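A.B. asks: Here the numbering used here is used: the first residue of the sequence shown is 1, the next is one more, and so on.
Just so you know, these hints were derived from the structure itself, not from any lab. Note that the structure is predicted; figures quoted are calculated from it, not measured. One thing to keep in mind: the hints can contain errors.
Heads up, simulated DSS-like pairs for lysine-lysine below, C-alpha to C-alpha not over 30 Å straight-line [to be verified]: (1) Lys-121 - Lys-153; (2) Lys-64 - Lys-40; (3) Lys-48 - Lys-58; (4) Lys-186 - Lys-40; (5) Lys-121 - Lys-40; (6) Lys-58 - Lys-89; (7) Lys-186 - Lys-209.
Okay, the calculated beta carbon distance ranges per label pair [as the list claims (entries may be wrong)]: (8) Thr-150 - Arg-73: 19 to 25 Å; (9) Asp-125 - Phe-87: 26 to 32 Å; (10) Glu-196 - Thr-115: 21 to 27 Å; (11) Pro-27 - Gly-169: 38 to 44 Å; (12) Asp-156 - Arg-180: 27 to 33 Å.
The beta carbon of each residue, even a glycine, is placed where N, CA and C say it ideally should be.
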Amino acid sequence: FREAIEYVAIDPAAVYAAATRTEGLLPNATLVVDHFHLVKLANDTVTKVRRRVTWELKDRRGGKIDPEWANRRRLLTARERLSNRNFAKMWNAIVDEDPTAQILSAYIAKEELRTLLSTVKSGGDPHLTRHRLHRFLAWCIDSNIPELLTLAKTIDTWWPEINAFVSTGITNARTEGYNRLVKAVKRAGCGFRNRENSARRIRFHCTRKQRAATQTSC
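Turn these sequences into a full structure, and let the hints steer you where they fit.
C.D. replies: Here you go:
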């Protein structure tokens, strides 16, 4: 069955890639980096830049009185999920507070990466993909911000696997969702002593959607 596996979705971690590429293990598999982890990487980069800039400008950690701290969640929110009012409020507050413009540069880099990954919605058009990749890398490099240079290097290093996602849309989201449900059941159970009952409850929660679709009304 291993020869029949065509794709393997992984986190962007060298150890996972090396394990999957073990000679003879999955000879016909193409590695695909799950886009969820790439967006998380971009969000973490924004947070690192925000924290560093606050330290450099104020010689302390951020707090409620600091606009960049007060808007920290908005900085990590997808642009399309922010109202124009909230976006303008965040942007103007940080522009006035950060004369280096590094925080908003990191925010733009994050959104450029999301735009690149969203090319999957258009069928992974190669021309559009190349254009968006160049725009993202150019923004990070021209900014000369250490964290963005690291992000750009990571994306460039993993580009074949990222491009596989853009081309195929393959993701590990369903598995991650099931893992989340399993963890929630374990927490709610406060420690099952009966393995059979534990497995039964996990199956019940993981098949709820399928069971709802097959129910018929009297």
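A.B. asks: Now look at each hint and say whether the structure bears it out.
C.D. replies: These are the hints, each one checked on the structure:
Taking the CA atoms of Lys-121 and Lys-153, the gap is near 25 Å; set against the 30 Å cutoff, the hint holds. A distance of roughly 24 Å separates the Cα atoms of Lys-64 and Lys-40; the hinted pair therefore holds under the 30 Å criterion. In summary, the hint linking Lys-48 to Lys-58 is supported, as the alpha carbons are separated by about 15 Å, within the 30 Å threshold. For a cut-off of 30 Å, the pair hint linking Lys-186 to Lys-40 stands: about 25 Å separates their Cα positions.
Restraint check for Lys-121 and Lys-40: the C-alpha separation of about 19 Å stays at or below 30 Å, so the hint holds. A C-alpha spacing of about 22 Å is found between Lys-58 and Lys-89, which places the hinted pair at or below 30 Å, so the restraint holds. About 20 Å separates the Cα atoms of Lys-186 and Lys-209, which keeps this hinted pair within 30 Å; it holds. One distance hint, 19 to 25 Å for the beta-carbon pair Thr-150 and Arg-73, holds here, with the actual separation near 23 Å.
A beta carbon spacing of about 28 Å between Asp-125 and Phe-87 agrees with the range 26 to 32 Å that was offered as a hint. The hint said 21 to 27 Å for the Cβ distance between Glu-196 and Thr-115, and at roughly 48 Å that hint is violated. A hinted range of 38 to 44 Å is violated for the C-beta pair Pro-27 and Gly-169, which are about 23 Å apart. One distance hint, 27 to 33 Å for the beta-carbon pair Asp-156 and Arg-180, holds here, with the actual separation near 31 Å.
In terms of the numbered hints stated before, the structure departs from hints 10 and 11, listed from lowest to highest.
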